[in-house]
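Colleague: In case you want the letters, here they are:
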Amino acid sequence: MRRVVITGAGTINALGKSVSQTMEAMREGRCGIGALEFRDVERLSIRIGGQVKDYDAETHFNRQQISLYDRFTQFTLLAAKEAIEQSGLTFAGELAAKAGVVLGTAGGGVSTWDDNYRAVYEDGKNRVHPFVVPKLMNNAAASHVSMAYNLKGPSFTVSTACASSNHAMAQAFQMVRTGMSPVMITGGSESMLCFGGVKAWEGLRVMSRDACRPFSANRNGMVQGEGAGLFVFEDFEHARARGADILAEVAGFAMTSDASDIVMPSIQGAARAIKGALNDAGLNGEEVGYVNAHGTGTAANDRTECAAVADAFGAHADKLMISSTKSMHGHLIGATGAVELLACIMALRDGIVAPTIGYQEPDPDCALDVVPNEAREAKVDVALSNAFAFGGLNAVIALKKV
Amino acid sequence: MNVKDRIVEIIAEQAVLEVSDVAMDNTLDDLGIDSLGLVESIFAIEEAFDIQVPFNANDPTDSGFDISSVASIVAAVEDLVKAQS
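Protein chains in written order, with the working numbering: chain A, 432 to 833; chain B, 175 to 259.
Next up, chain A with everything else stripped away, as it sits in the complex (with noise of 0.2 Å):
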């Protein structure tokens, strides 16, 4: 078995359109929820959302790539490009032929899909672009990065809804550990922002019309965000021999399955999930001072995962710190797990730990640490990020400082 570390990071999110300008955020505790803009808004009863203001596409790309790349899938690859800089790694012989990239998303091109429906169905149009599909397709993310960066080793696209980055990142983390290819492009892209894809969410139920505040008593629901988040995972010994930084090492991850109901969490899958990425990483519970909550600021998932954590750490719950970084960037659902890794990455390499903000009032069924409304300095070692899918699907990622 080899050892992985992330040695590249990137992203895109309601936060900042850089990893710096995201983790500054996460550092002063800003919201980047706010009113919705597009096409339709005033017929939706949520308003609001964690969007990728001021962006232009036209200042990216060029008019054929933008026939090609959905939202999601330029989100991706602004964000595979900081990741890909920062490792300083280039593609190309043997390494281009074993390095891959696996992604996550939960809806792909969804305002494509959107835009296009309107033309067929609301304006009754015959004919849509000859890209329809290549630009919607759940992998076209993926296989962009890889025609970009001439990846040419495994690569695919791992849908689990709210888990699909950790899934993601889970199986790049295991081609690199098994020897596989020495360096695997992860993380995940969700841009669901769309008059089709917040109708879709609003009819759960779910949704906060005002904020998300995870753990709080007064939490009213979730808010839906977008963006991506990438990094390069590579085997240790490769990354060592060419002097790259190393901002964290994987340790481990565990999945889990419910196999109970469609919507509601299970404290059994939460807990056996974070048992079991410690477990993968060979790590003791106590060793771990900050975990990044699933954390959606829903009634049901915040009290299943308060108490699954509980139940994983016993008495180390009530001394570890846990926040919701969703309370500044919304649900990136597919993308989630990515975007929050860097608060993972944050507390190891910076020890700033960053906040559940919007939180008012204490719930005695989240009675722990969730790090209300300030970051926080605090040396950190081991950092989980949980995901805890619809379907019942759930990942854990452990980190650990290098």
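Everything labelled a hint here was simulated from the structure, so no lab data went into it. Since we're looking at a predicted model, the values are computed, not measured. Each hint should be verified, as a subset may be incorrect.
Unchecked claim - Derived lysine to any residue pairs resembling SDA-like cross-links, with alpha carbons at most 25 Å apart:
{"no.": "1", "chain 1": "A", "residue 1": "Lys630", "chain 2": "B", "residue 2": "Pro234"}
{"no.": "2", "chain 1": "A", "residue 1": "Lys832", "chain 2": "A", "residue 2": "Glu459"}
{"no.": "3", "chain 1": "B", "residue 1": "Lys178", "chain 2": "A", "residue 2": "Arg636"}
{"no.": "4", "chain 1": "A", "residue 1": "Lys630", "chain 2": "B", "residue 2": "Glu221"}
Once you've looked at the hints, dock chain B against the given chain A.
Modeller: Showing chain B alone in chain A's frame:
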């Protein structure tokens, strides 16, 4: 069909019961309707009466729509139909 009969019909369908098995003082729990069933019932009620029901599954008691029994749902829908007509 009046509001009460239509709602009983919707709830009975959701609970997979006969209309005659739904009593006004039943809670949704009594009838075996879980949180997903509740959200589906509310959707069916909105469609049937062309109204907007203010309901947030995160805090059902704070939604201004009383779901504590079949009777309370009927009363709440009657109010909404009146208000939104």
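Colleague: Next step is simple, just say for each hint if it's right about the structure.
Modeller: Consistency of the hints with the structure:
Using a Cα cut-off of 25 Å, the hinted pair A/Lys630 and B/Pro234 holds, with the two alpha carbons roughly 20 Å apart. A threshold of 25 Å between alpha carbons decides the hint, and for A/Lys832 with A/Glu459 the separation of about 23 Å falls inside it, so the pair holds. With a C-alpha separation of about 24 Å, the suggested pairing of B/Lys178 with A/Arg636 holds against the 25 Å cut-off. For a cut-off of 25 Å, the pair hint linking A/Lys630 to B/Glu221 stands: about 16 Å separates their Cα positions.
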